[in-house]
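Asks: Line by line, the protein sequences are chains A and B. Its first residue numbered 1, the first sequence is counted upward by one per residue in UniProt numbering. Its first residue numbered 1, the second sequence is counted upward by one per residue in UniProt numbering.
A few of these clues could be false.
One copy or any two copies: either way a pair holds, since identical chains are not told apart in the list.
[Stated by the list, open to error] List time: in silico EDC-like cross-link candidates among lysine to aspartate or glutamate, alpha-carbon distance up to 20 Å:
{"hint": "1", "residue 1": "K500", "residue 2": "D448"}
{"hint": "2", "residue 1": "K464", "residue 2": "D448"}
{"hint": "3", "residue 1": "K550", "residue 2": "D537"}
{"hint": "4", "residue 1": "K514", "residue 2": "E503"}
{"hint": "5", "residue 1": "K464", "residue 2": "D54"}
{"hint": "6", "residue 1": "K544", "residue 2": "D448"}
{"hint": "7", "residue 1": "K91", "residue 2": "D65"}
{"hint": "8", "residue 1": "K324", "residue 2": "D183"}
{"hint": "9", "residue 1": "K157", "residue 2": "D406"}
{"hint": "10", "residue 1": "K324", "residue 2": "E138"}
{"hint": "11", "residue 1": "K544", "residue 2": "D54"}
{"hint": "12", "residue 1": "K550", "residue 2": "D448"}
{"hint": "13", "residue 1": "K91", "residue 2": "D448"}
{"hint": "14", "residue 1": "K324", "residue 2": "E287"}
{"hint": "15", "residue 1": "K500", "residue 2": "E528"}
{"hint": "16", "residue 1": "K255", "residue 2": "E268"}
{"hint": "17", "residue 1": "K116", "residue 2": "E515"}
{"hint": "18", "residue 1": "K116", "residue 2": "E545"}
{"hint": "19", "residue 1": "K157", "residue 2": "E33"}
{"hint": "20", "residue 1": "K111", "residue 2": "D208"}
{"hint": "21", "residue 1": "K415", "residue 2": "D356"}
{"hint": "22", "residue 1": "K550", "residue 2": "D54"}
{"hint": "23", "residue 1": "K277", "residue 2": "E545"}
{"hint": "24", "residue 1": "K538", "residue 2": "E515"}
Hint data in this document are derived by calculation from the structure and do not stem from the laboratory.
Protein chains: 2
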Amino acid sequence: MSRNTLLNAGEIGIFALGGLGEVGKNCYIFEIEDNIFVVDAGILFPDDSLLGFDYVIPDFQYLVDNQERIAGLIITHGHEDHIGGIPYLLKQVNIPKIYASGIAVDLIEHKLLEHKGVKKPRIVEYKAHHTYTFGSTELSFIRLNHSIPDMFGIVFKTKEGIIFHTGDFKIDYTPVGPAAEYDKLAKIGAEGVLCLLSDSTNAEREGDTPSERTVGKAISEIFGKLTGRIIIATFASNVYRMQQIVEASYQNGRKLAVFGRSMERAMEIGQQTGYIKAPKGVIVSAEEINKYPPEEITILCTGSQGEPMAALSRIANGTHRQIKAMPGDTVIFSSSPIPGNQEGVNRTIDQLYRRDVTVIVNGPVADTHTSGHGARNDLRLMLSLTRPKFFIPIHGEHRMLKHHRDLAMQIGIDKNHIMIMDNGDVTALNKNSIRNAGRVQAGDIYIDGTGIGDIGSAIIKERKLLSEDGLLSIILTLDPVNKRLLTEPTVISRGFIYMKGNEVITSSIAAKAKEIVNLEFQRKQFTETQLKQSIIDKVSDHVKEMTQRKPMIIPVVMSLTQKDSNQS
Amino acid sequence: MSRNTLLNAGEIGIFALGGLGEVGKNCYIFEIEDNIFVVDAGILFPDDSLLGFDYVIPDFQYLVDNQERIAGLIITHGHEDHIGGIPYLLKQVNIPKIYASGIAVDLIEHKLLEHKGVKKPRIVEYKAHHTYTFGSTELSFIRLNHSIPDMFGIVFKTKEGIIFHTGDFKIDYTPVGPAAEYDKLAKIGAEGVLCLLSDSTNAEREGDTPSERTVGKAISEIFGKLTGRIIIATFASNVYRMQQIVEASYQNGRKLAVFGRSMERAMEIGQQTGYIKAPKGVIVSAEEINKYPPEEITILCTGSQGEPMAALSRIANGTHRQIKAMPGDTVIFSSSPIPGNQEGVNRTIDQLYRRDVTVIVNGPVADTHTSGHGARNDLRLMLSLTRPKFFIPIHGEHRMLKHHRDLAMQIGIDKNHIMIMDNGDVTALNKNSIRNAGRVQAGDIYIDGTGIGDIGSAIIKERKLLSEDGLLSIILTLDPVNKRLLTEPTVISRGFIYMKGNEVITSSIAAKAKEIVNLEFQRKQFTETQLKQSIIDKVSDHVKEMTQRKPMIIPVVMSLTQKDSNQS
Chain A
1 MSRNTLLNAG
11 EIGIFALGGL
21 GEVGKNCYIF
31 EIEDNIFVVD
41 AGILFPDDSL
51 LGFDYVIPDF
61 QYLVDNQERI
71 AGLIITHGHE
81 DHIGGIPYLL
91 KQVNIPKIYA
101 SGIAVDLIEH
111 KLLEHKGVKK
121 PRIVEYKAHH
131 TYTFGSTELS
141 FIRLNHSIPD
151 MFGIVFKTKE
161 GIIFHTGDFK
171 IDYTPVGPAA
181 EYDKLAKIGA
191 EGVLCLLSDS
201 TNAEREGDTP
211 SERTVGKAIS
221 EIFGKLTGRI
231 IIATFASNVY
241 RMQQIVEASY
251 QNGRKLAVFG
261 RSMERAMEIG
271 QQTGYIKAPK
281 GVIVSAEEIN
291 KYPPEEITIL
301 CTGSQGEPMA
311 ALSRIANGTH
321 RQIKAMPGDT
331 VIFSSSPIPG
341 NQEGVNRTID
351 QLYRRDVTVI
361 VNGPVADTHT
371 SGHGARNDLR
381 LMLSLTRPKF
391 FIPIHGEHRM
401 LKHHRDLAMQ
411 IGIDKNHIMI
421 MDNGDVTALN
431 KNSIRNAGRV
441 QAGDIYIDGT
451 GIGDIGSAII
461 KERKLLSEDG
471 LLSIILTLDP
481 VNKRLLTEPT
491 VISRGFIYMK
501 GNEVITSSIA
511 AKAKEIVNLE
521 FQRKQFTETQ
531 LKQSIIDKVS
541 DHVKEMTQRK
551 PMIIPVVMSL
561 TQKDSNQS
Chain B
1 MSRNTLLNAG
11 EIGIFALGGL
21 GEVGKNCYIF
31 EIEDNIFVVD
41 AGILFPDDSL
51 LGFDYVIPDF
61 QYLVDNQERI
71 AGLIITHGHE
81 DHIGGIPYLL
91 KQVNIPKIYA
101 SGIAVDLIEH
111 KLLEHKGVKK
121 PRIVEYKAHH
131 TYTFGSTELS
141 FIRLNHSIPD
151 MFGIVFKTKE
161 GIIFHTGDFK
171 IDYTPVGPAA
181 EYDKLAKIGA
191 EGVLCLLSDS
201 TNAEREGDTP
211 SERTVGKAIS
221 EIFGKLTGRI
231 IIATFASNVY
241 RMQQIVEASY
251 QNGRKLAVFG
261 RSMERAMEIG
271 QQTGYIKAPK
281 GVIVSAEEIN
291 KYPPEEITIL
301 CTGSQGEPMA
311 ALSRIANGTH
321 RQIKAMPGDT
331 VIFSSSPIPG
341 NQEGVNRTID
351 QLYRRDVTVI
361 VNGPVADTHT
371 SGHGARNDLR
381 LMLSLTRPKF
391 FIPIHGEHRM
401 LKHHRDLAMQ
411 IGIDKNHIMI
421 MDNGDVTALN
431 KNSIRNAGRV
441 QAGDIYIDGT
451 GIGDIGSAII
461 KERKLLSEDG
471 LLSIILTLDP
481 VNKRLLTEPT
491 VISRGFIYMK
501 GNEVITSSIA
511 AKAKEIVNLE
521 FQRKQFTETQ
531 LKQSIIDKVS
541 DHVKEMTQRK
551 PMIIPVVMSL
561 TQKDSNQS
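The following block holds chain A by itself, in its conformation from the complex:
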């Protein structure tokens, strides 16, 4: 059994394949004695969808190489940036068991159904009070609050001490679902936490993150003032928000219909798990809404991030099959734009204004959203309750990790006891010390959700090049034996210049190509490879000189044997 050679005897290894230096694709690895525990396997949605991939997953190569030691995959909660990578992980790696809880189990099972051909491991549904033993290590759980139900922090009781991984959390004293287990946090704090790994997403935000309950109240108040149809968009995973929107509709005499595939599924799972309790008759089908006047209708839909194909975007741009936005409607964004999505959200809002729809966004005027991640006071509480000896800020871009470090230092943690890590950086830990132990392979794998699988970074690079200046293909048909061109060079351009109207440029390129071929023919050893390289280099320079642009040059050489060709 191959041990991690970066670790000394007795040391615990902690590192991430995703989630450090970025927000998304969380995947943390804990190597304790002979066991590897994988915590979460998420995806990351790119800022820019232009390059034809839908999301990014971690490079799981380390787990492929060490799969015989994997004790299990432990899921903190059911958000895509924590479970979205599971099917891809399972395709590559044999995972004996997945430990997940509540709504996360439903979401994972649904996800695996959608990915045919993935071998489904046993899913162990853990509860707050469960404990699992692996050698001398005990795995247990602490319920915390987040923007999805059933989010648990992960406790490893090891021979060296307690390691606590918070997952994503906020401090919410008036949550919509079950309360967080603050007593357990205090208890491990009293026992002594060797190392805390804590969520840094909002480490730059001062103060407290408002309670989910206050948002529900604000939404109900807004509903009370509106007299037209309400269209409200939120994250499909925020089942608590959905419940509060159902309640607000009920309190204000409105029926609610759900639009958007992921929202419909969330409503179904939310009702199955009991997190959504709709009074009878409140939820109506898409077809039924026409039976009610606008002031008695709430439309709950996807698209709060301006995603082009989501229900709200289609309603905004007029392509939705069933819902036409009209004056009198009010669209409420019960969400905040995730960085990178601001442009898409703005576009959607602008289209709604064009339809004379009133738009309400979260802001100083209306509290229609709150974050699921703790602000600085929440983080202070976590550090104060658990009082760790060593601290690793996780989940966040580099600057967020550093802000979280500074905050921990204010709480009294020694700077040398805090590790700021990148994906792949290995921290080695024992009861006395923490150290940087080196690196393992980590990186980005691009996934085309609809396609045959992953897209290599070289392909992404080619797409980027093609997108910037287009391409120029030069096709040469020649007789390599008799060293003759059989036809004039053909020049084809896409995304570079119009062929029509630029005949001077294209014929100059063809002439250049001919000149290069004739030069190459004069070599003693004429090779196609050499000819192609010359075409790429020299045509590229020639085009740059003429146009100041650098399209991708694709030389195509069609060699016909002498027998094929005996042109006189």
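Guided by the hints, dock chain B onto chain A, whose structure is given.
Replies: Chain B alone, transformed into the frame defined by chain A:
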């Protein structure tokens, strides 16, 4: 002389070729009697630089078609979104005179020097007290405050009444430069303004826009607390800000060096025009900074928007030739990210944190920036002083225009007297009425700044396609007369799949192509065009089926005549 047929006798035409429904590429047209007045000719920087163009200019076709009636181009101020399109306009259209003032004149002249081969018209340097007469129309100017010196609102006194175009403005009672001419605003208000066109950029922001002076004070206070090197980035056009940074350096015993081409030029122009007055010895050259300890140095640089090639970005990513960021340095962003640039700014900040540099951004903690555009109170004052009969909100996305309309209605302007327009929409106006008169041609022209000129939208579309799924080229060498393939089809892919490892897919595509060719050969009338179309359609379907992707299919048919080829 071709009149605008959309206008009735006596009507004034008002429309935009850019600036309505967007922030950027401002270009407003006023048709008064037989004269066309063009106000500003700007460019727009795209959110996404991936498609290989640098900016967007208005489609000037209307001006090409009506150039004999153009009385002049009037420039409100020297920002790129108001002057950046001038060289492109001049390439297409004969403009008799450009009217510009102060620093805008320098910036335009510099711009025209950079664009060789553009015929430079006479630049008339107007002053606040000047008046120019065109038939029965009088052109005059009102100085207002903005984030660049010498910003003027444009007054047309016409037979029908006064039309006032604000340009970009904020209300600043303690400006760094000359005061705004509020008296003139009140005066035209008292005379009666027929139509006001007013800046809507900040129509969604409640309250007042803070004074430029408060930012200078805050910056000087921050400087006073810092003990290491200061690197401060701002907009190169904000000469007032630069002046205040020079002052803050002087007050705190620091020398200041300027980095970044546009910032160096701005410093030069600012000193020439007298807007920047640096105490002797404060400004030092790039080479001299090494002579001073870090606590005596301020580096003023470009890159406040995270632009990849700007000085700050290079300092952050370690590729700057002269400046290496190091622990102890403080980077101050005296700016706010323009929508679309947030990601780039975040990337720069993250890189700076990796170098253990302290970063200060504008926010609740530090007032390091203020907008040049008036918030809602500023807009209320403009409307209240000028008391227009008709109102056209300009400069802004559709929702900003509508917010500005709502605000004007609160001030007491009749909803029917307010026009919400898109680029190309023509408003016709006389002393009694305002109406929508139809449309003229308007749109986006993509410019590759380093290239041979404009890039058509079809080219942009091709680049977008190429960027999404790459390309697949199928090369067929055939003898059309004898209806024979001379070689096996060659398949080339870029940005689609790796050729290596996917031989099954490529050979299946080649086989499909062969099958298509043989089918086409069976037609009575075999044509290359028909063959290419069949390849595109059928290979596309075949590839979609195999891979779920839709690369661009580029068929290449090399026809060799019978004489070329007599394969047995």
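Asks: The structure should be examined with respect to each hint, and the outcome stated for every one.
Replies: Taking the hints in turn, this is what the structure says about them:
1. K500 <-> D448: between (35 Å within a copy, 19 Å between copies)
2. K464 <-> D448: both (15 Å within a copy, 16 Å between copies)
3. K550 <-> D537: For K550 and D537, only the intra-copy Cα distance (11 Å) is at most 20 Å; the inter-copy one is 29 Å.
4. K514 <-> E503: Cα proximity of K514 and E503: one copy only (16 Å, versus 31 Å across).
5. K464 <-> D54: Answer is both: 15 Å inside a copy and 15 Å across each meet the 20 Å cutoff.
6. K544 <-> D448: Between copies only: 13 Å across, 33 Å inside.
7. K91 <-> D65: Close inside one copy (14 Å), not across copies (62 Å); limit 20 Å.
8. K324 <-> D183: neither (50 Å within a copy, 49 Å between copies)
9. K157 <-> D406: neither (27 Å within a copy, 61 Å between copies)
10. K324 <-> E138: Answer is neither; intra-copy 55 Å and inter-copy 48 Å both fail.
11. K544 <-> D54: between (33 Å within a copy, 17 Å between copies)
12. K550 <-> D448: Only across copies: K550 and D448 sit 12 Å apart there, 27 Å inside one copy, limit 20 Å.
13. K91 <-> D448: Classified as within; 15 Å inside a copy, 44 Å across copies.
14. K324 <-> E287: within (14 Å within a copy, 63 Å between copies)
15. K500 <-> E528: Between copies, since 19 Å is at most 20 Å while 30 Å is not.
16. K255 <-> E268: within (17 Å within a copy, 65 Å between copies)
17. K116 <-> E515: neither (54 Å within a copy, 32 Å between copies)
18. K116 <-> E545: between (52 Å within a copy, 17 Å between copies)
19. K157 <-> E33: Within one copy only: 12 Å inside a chain, 86 Å across chains, cut-off 20 Å.
20. K111 <-> D208: neither (34 Å within a copy, 50 Å between copies)
21. K415 <-> D356: between (55 Å within a copy, 14 Å between copies)
22. K550 <-> D54: Classified as between: cross-chain Cα gap 14 Å, same-chain 27 Å, threshold 20 Å.
23. K277 <-> E545: neither (68 Å within a copy, 43 Å between copies)
24. K538 <-> E515: within (10 Å within a copy, 36 Å between copies)
When held up to the earlier numbered hints, the structure conflicts with 8, 9, 10, 17, 20, 23 and fits the remainder.
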